[in-house]
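Peer 1: Chain by chain, the residues run as shown.
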Amino acid sequence: MIALIDYGAGNLTSVRKGFAAAGAELFTPAAPDDLARATGIVVPGVGHFNATAALHDGWRSAIGGALNRGIPLFGICLGQQWLYEGSDEDSDARGLGVIRGRCRRLPPTLKVPHVGWNSLEMRRPSRLLEGIAEGTQAYFTHSYAADITDETVATTTHAAPFASVVETDQVFGVQFHPEKSGTSGVRILKNFVALCSRNA
Amino acid sequence: MLSKRLIACLDVRNGCVVKGVQFEELRNAGDPAALARRYNSEGIDELVILDVTATLESRRALAVTIRAVSRELFIPLAVGGGIRSLQDAEAAIEAGADKVSVNSAALADPSLITTLAGRYGSQAIVVAIDAKRQDETFAVYSRSGSTAAGREAVEWAKEAEACGAGEILLTSIDRDGTREGFDCELTAAVSQAVSIPVIASGGAGTFAHFLDVFTAGRADAALAASVFHYSEHAVSELKQFLASNEVPVRLH
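Note that the protein sequences, when read in sequence, are chains S and X. With the first letter of the first sequence counted as 1, position 108 gets the number 107 in numbering that gives the first Met the number 0; the numbers rise by one all the way through. With the first letter of the second sequence counted as 1, position 229 gets the number 228 in numbering that gives the first Met the number 0; the numbers rise by one all the way through.
Isolated chain X, as found in the complex:
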């Protein structure tokens, strides 16, 4: 049976891992390569390196960081942040990324998804969607959560799939950094609307939150940063917890 994936996110700024609380108040959490090594030894299923400031400051994800992290790890590595073109994707993939994640640039021009999928295959293209509750719907935001994109999350996920996206990385802006739990309603709404995998992100604080998002939230994978960063053995203990609750996971 296909396992539910646990994905560690390394939010990177100037080569250091930081973690935002609702995308602001960035604080330092360590060296990306050292963290990646630790996660790998604990049995993390996948890594995401997100250059959190790249879009706003028009910087590309740091190839040096990608190289350092990918050199010794044999699990999938996705890179996002500031990927606006085929050339940006190529730089990340040449440096060692298996997947690239696009967000603002795909909102501005969805054909970018098709172009990237045509070159590298859909399996290499993740469309990141940052969504915020607005009345009864989920509004999509771009540029690191700063700008309303004028789209609804479920509809945008379906369009992204049609354009060639291989996975959706869905972040709840309301929950990001709060440790109050994933937005299971948002995740389930998107996951049921598309046939590609949906990675839930934003709000992980306890092991029970992961169980919730894999059951009620229908997530295929769950992504977290701080819940893994600050505690040793969190990944292996979380997997044991999920396995004991009949969620299929890869045990080391």
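In isolation and in its complexed conformation, chain S is listed as follows:
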């Protein structure tokens, strides 16, 4: 089963509903040790970067252990930001650091937060974005975003381009909310579920 980590950063009802539509029931691990039975891990989250402080060392090392076993990891919104080394939103807080780079505040030339539907500009082929057309729109709501790096598979532009989708062998992240992005969003969740099914 895929684990949905509830660290108190926002409500998870919509994420669960989205994954249910993608054909997966998620379990919420009560403690880091419960990740031993996970076939995939989802780190959701909304709000301030300091909320990720609740993902303390126990969670960090359990997630690290799961990655060593080949388990896919998927960060959504704040969860994606946490995959990086850190964020200017809270310079004392440490990210997981599995993707190089940092998250920075969006430029103030347009309204921040960036709220609403915006398009995905593909940079290279992606397993997470299989079946998603160039220019597909997704629902965003955030003020900080990650640097564009080699791991960036799609960008989105709000005043300046930022990393809206990242992907490595095992680590996936989206700055938008796939659970709120219509049928395209559900397709992305399905793609992640399929990537996890190899570990079932």
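Calculated from the structure, these hints are not laboratory results. Check the hints yourself; a few may be wrong.
Said to hold, decoys possible - Some chain X residues judged to face chain S by a derived CB distance under 8 Å, without partners named:
#, residue
1, R4
2, D44
3, I74
4, E166
5, D219
6, A220
Stated by the list, open to error - Derived DEER-like restraints, expressed as beta-carbon distance ranges:
#, chain 1, residue 1, chain 2, residue 2, range
7, S, S90, X, D108, 29 to 37 Å
8, S, G7, X, Q133, 38 to 46 Å
9, X, D30, S, A30, 37 to 45 Å
10, X, R36, S, N67, 40 to 48 Å
11, X, S194, S, G7, 20 to 28 Å
12, X, A207, S, P106, 30 to 38 Å
13, X, Q133, S, A29, 51 to 59 Å
14, S, L109, X, E154, 21 to 29 Å
15, X, A107, S, L109, 31 to 39 Å
16, S, A19, X, Q191, 37 to 45 Å
Heads up, the beta-carbon is just placed ideally off N, CA and C, and yes, glycines get one too.
Position chain X relative to chain S; hints supplied.
Peer 2: Chain X only, in chain S's frame:
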């Protein structure tokens, strides 16, 4: 580029969709879940369920309606009407709302906005402002437009933003239900004063009204009820119209 959002409002009373004309003369317009399904298939960007009688009758927004609407839709859903406390917000969010909209209770105690934003994040908190022209200013009204709140709309929007609001849902009481067009002056005044998105509401009657509010009105989103309720394909045709006039929209 960020799209301008079209938001359908389902004014709900006792589980049925109604639409008020200047907040009175409520009449029945159908089953909320069926309407929500139709809008979703037409490409609406977001839904708002407003329990229009909740504040006056001290009722909470109906969790049953929220559940029915949110079960099969994967677009943002906001719920308003009678949300006075963290517990009210929790009930709506647990039932499936992504955002809650507060109005009268936030006017009575702006710290409610901060409390809710602290718990769910600013992205989940919409402050609804009902405004009426009064001389050269825009006066804020509470309790479904029945009570003058003693505040001015632009100042209240700025205060709400400072308290942690994630969006402003701005309704012109003068235009609500009239189909004479959005109040673009009101919308532009508020939109330029805050950095959070402003959703314009009240007065939508024609496609041109939406074009006006997205250009002259500087709205980030526009909300309507009856203009979508009574006509099939209104949402997709409106989006085509806006796109052909160079307004960025999400096309299906």
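Peer 1: Please go over all the hints and tell whether each is borne out by the structure.
Peer 2: A quick look at each hint next to the structure:
Nearest Cβ of chain S to the Cβ of X:R4: about 5 Å, under the 8 Å cut. The hint holds. Taken as an interface hint, X:D44 checks out: its beta carbon lies about 6 Å from the nearest beta carbon of chain S, inside 8 Å. Below 8 Å, beta-carbon pairs count as interface contacts, and X:I74 has one with chain S at about 6 Å; its hint therefore holds. The restraint placing X:E166 at the interface with chain S holds, with a minimum CB-CB distance near 7 Å, inside the 8 Å limit.
Hint on X:D219 holds. Least Cβ distance to chain S is approximately 7 Å, under the 8 Å limit. A hinted interface residue such as X:A220 counts as satisfied when its beta carbon comes closer than 8 Å to some beta carbon of chain S; here the least separation is about 7 Å, so the hint holds. Between S:S90 and X:D108 the CB atoms are about 33 Å apart, so this pair conforms to the stated range of 29 to 37 Å. S:G7 and X:Q133 have their C-beta atoms about 43 Å apart, which keeps the hinted 38 to 46 Å range intact.
A beta carbon spacing of about 44 Å between X:D30 and S:A30 agrees with the range 37 to 45 Å that was offered as a hint. For the pair X:R36 and S:N67, the beta carbons lie near 45 Å from each other, so the given range of 40 to 48 Å is met. Checked against the given bound of 20 to 28 Å, the beta carbons of X:S194 and S:G7, roughly 27 Å apart, stay inside it. Checked against the hint of 30 to 38 Å, the pair X:A207 and S:P106 passes, with Cβ atoms roughly 33 Å apart.
For the pair X:Q133 and S:A29, the supplied restraint of 51 to 59 Å holds, since their beta-carbon distance comes to about 55 Å. S:L109 and X:E154 have their C-beta atoms about 24 Å apart, which keeps the hinted 21 to 29 Å range intact. One distance hint, 31 to 39 Å for the beta-carbon pair X:A107 and S:L109, holds here, with the actual separation near 33 Å. One distance hint, 37 to 45 Å for the beta-carbon pair S:A19 and X:Q191, holds here, with the actual separation near 42 Å.
The structure shown violates none of the earlier numbered hints.
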